[in-house]
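From first to last, the protein sequence lines stand for chains V and W. With this note's numbering applied, the first sequence corresponds to residues 1198 to 1504, in that order. With this note's numbering applied, the second sequence corresponds to residues 405 to 826, in that order.
Each hint should be verified, as a subset may be incorrect.
[Unchecked claim] Computed cross-link-like contacts, BS3-like style, restricted to lysine-lysine with a CA-CA straight-line distance of at most 27 Å:
1) Lys666(W) - Lys1271(V)
2) Lys803(W) - Lys729(W)
3) Lys1271(V) - Lys729(W)
4) Lys803(W) - Lys737(W)
5) Lys803(W) - Lys550(W)
6) Lys550(W) - Lys465(W)
7) Lys591(W) - Lys604(W)
8) Lys771(W) - Lys729(W)
9) Lys1222(V) - Lys465(W)
[To be verified] Partial chain W-side listing against chain V, Cβ under 7 Å, derived:
10) Gly640
11) Gln669
12) Asp684
13) Glu687
14) Gln724
15) Val727
16) Leu728
In case anyone wonders, no lab produced these hints; they're calculated from the structure. Built from N, CA and C at the ideal position, the CB exists for glycine as well.
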Amino acid sequence: MTLFKKLASALIVITFTLPASAAEKLNVIASFSILGDFAQKVGGDRIELRTIVGPDSDAHVYEPKPADAIAVAKADVVLVNGLLFEGFLQRLIEASGTSAEVVEVSKGAEILNDPAGGHYHYNGGKAVFHEAPLDPHAWQSVANAKVYVKNIEEAFCKADAEGCPAYQANAKAYGAELDALDKEIRDTVASIPQDRRVFVVAHNAFRYFEHDYGITFLAPQGVSTDSEASAADVAGVVREIAGQRATAVFAENISNSRLVEQIASEAGLKLGGSLYSDALSKPDGKAATYIDMMRSNLATIRDAAGS
Amino acid sequence: MRKFFYAASALALGACLWTGPALADEDDVTAWRLFVSDHAEPVVNVIDALDGDKLDTFRIKGPASLYRTDSGQTVFAVQGGAGAVSVISTGIAFHDHGDHGDIDVDEPELLDTTLEGSKPAHFVERQGNVAQWFDGEDKARFFTEKAALEGKPQVREINVVAPHHGVAVPFDKHAVVTIPNPEDASKRPIGARLVDVDGKQIGEDVACPGLHGSAGSGSLYALACDTGLLLISQDGDVPEIRHLPYSDKLPEGSSSTLIGGKGLQYFAGNYGPDRIVLVDPSEQDAFRLVQLPTRRVHFAVDPIRSKFVYVITEDGQLHQVDVLKGEIAHSLKLTDPYSMDGHWSDPRPRVTVAADKVFVTDPLNGKIHIVDARSFEKAGEITVEGKPFNIVAVGGTGKAHEGEGHEHAEGDHAHEEGHKHD
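Given the sequences, and given the hints that come with them, work out the whole structure.
Below is the structure:
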């Protein structure tokens, strides 16, 4: 083949390849369902999204699958919460060998220290202590959710400059919805009497909600690495319930309710329904999106308070 | 015992001068130990995996299969012929603190605790709960690793109908046990049954004809059958068992030995003598076959580089199988051929992984071959008296806080001979 022919065939390849790659969607991995929703809101139809830890699932105990690693290997952007939320993250990134940017979307959010050094998860009939000196559940504050969205917008713009105006427009529109949500939460909480604002959860994932909106959540506290929530932990929260006159006990979508039922029974409180903490519901559930999740939690709290 | 490492790494050189656990960062301590049983002699040798030094030799009652627990604190030496199970404290323990883990390093120790019974066989440990199966008994025994380490295992027994070659999988308040073939208990079990701590059956039996082979991967435990895998999980108060049938796309065959991925949730099993099957139960297309050049002798998962499985085949090659790609990534000739013809329990190589090395026993040559897991090149070998056979590794890196007495003083264990570095 002459040099001219080689160049000509190369040009033909380029000519046929460019439109195809331009039409390709940004390949995005979100580590869990709430980030997946944020990513879809910002990315719209310009992204191809895969969420690793799906609805009603607990990221703390998730075991990554080979298919996850294969997907991460092909990703353009990997969105993670960070703050030791995704215990599987390092293993997955290493196994995938990905060259994609791994974006910690909680960066820049107002992060709370956890004085207990961590919190319990309840899976498989067991209490598992999740050591995390910085509370990772930052999305339970809508103000922080806006930081997440901003970080996602910037990550998408960096990976796909051509799509940046669309990402910015989507993020702006979604930001307005989040502002409205924040106001709605504040207004609703304001309608709840002060003495009906203490509740009990098993998994202490609502400290940001407490911090931003003035609802108090009591939970068994753990400071050791022992995997079981001890009788002392439960007794401690039952004493606190009595001392602070808690209104109701909530179950959670990612855990079984055995422990909270035990706490409710020992404290003589009613079960006030289920809150969504670390995961959305399935699409046909009450919390298929972040905004629906926060609204569902708000309604559950309001109803339990009897407001 | 002779040993040499091809590459004189800084770590290995450090180990020449100082016989305690290797120091990486200021307060990081790395310690890895190999536990190696002999094919003919009733011994377990303990070898420092970082420098090849023999740390100790434990005399037990008979040649043993070795099993390590998830925590790495304990190795169980199951001596089928001698009717005994010995308990070895590895001397290495980790304490997770979320953003870091602490390591305690002490002497390995053969504990006084021994379980005796007829034909001890399959051993399963999950989350600190142990189930020891005895082929010659109609009861499976259950206890905790913690109690075994403390020297007083409170053994709980659950009736398994009749003596048979089965397995029990322990949960906190339940167990899954195999169901013997009602016509002939000497044949393979026909299914699995969930029982509570008193042995009372819960729910329906689950059919699993030809059951043999079991492994855990994360929260899932799998049992292999002629028809597929039984997958046991526990999301609520009670474990659940579901059947994952083999894909119609697979050729005729089944698995009878399984290993479970660490870091990634998958299983690998034999599928005929010269193929392995990779199983990702979360996928619609859950099974992928990998053809081997010759018959499989042994395999092991890499717990650190979690996408790799190592398979030694009878032609003496060690293969690095990429679980993501479903293919052999690299192969390396290591040993003389070990034919799979002959008795199933003839001395043949076994594989384990410690830190960044793969260790392969070569019983007929009295050696353990060392392969660098990253470059997949031979990195040295350790000469071991007798026929080094079954091998497990425990260890890792953790923080040792000042004043906690984690570290060994120099000379804690003696070098038998000098090192040879090429």
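Evaluation of the provided hints:
no.: 1; hint: Lys666(W) - Lys1271(V); verdict: holds, 22 Å
no.: 2; hint: Lys803(W) - Lys729(W); verdict: violated, 35 Å
no.: 3; hint: Lys1271(V) - Lys729(W); verdict: holds, 13 Å
no.: 4; hint: Lys803(W) - Lys737(W); verdict: violated, 37 Å
no.: 5; hint: Lys803(W) - Lys550(W); verdict: holds, 22 Å
no.: 6; hint: Lys550(W) - Lys465(W); verdict: holds, 23 Å
no.: 7; hint: Lys591(W) - Lys604(W); verdict: holds, 24 Å
no.: 8; hint: Lys771(W) - Lys729(W); verdict: violated, 32 Å
no.: 9; hint: Lys1222(V) - Lys465(W); verdict: violated, 64 Å
no.: 10; hint: Gly640; verdict: holds, 5 Å
no.: 11; hint: Gln669; verdict: holds, 4 Å
no.: 12; hint: Asp684; verdict: holds, 5 Å
no.: 13; hint: Glu687; verdict: holds, 5 Å
no.: 14; hint: Gln724; verdict: violated, 14 Å
no.: 15; hint: Val727; verdict: holds, 5 Å
no.: 16; hint: Leu728; verdict: holds, 5 Å
Taken one by one, the earlier hints fail for this structure at numbers 2, 4, 8, 9 and 14, listed in ascending order.
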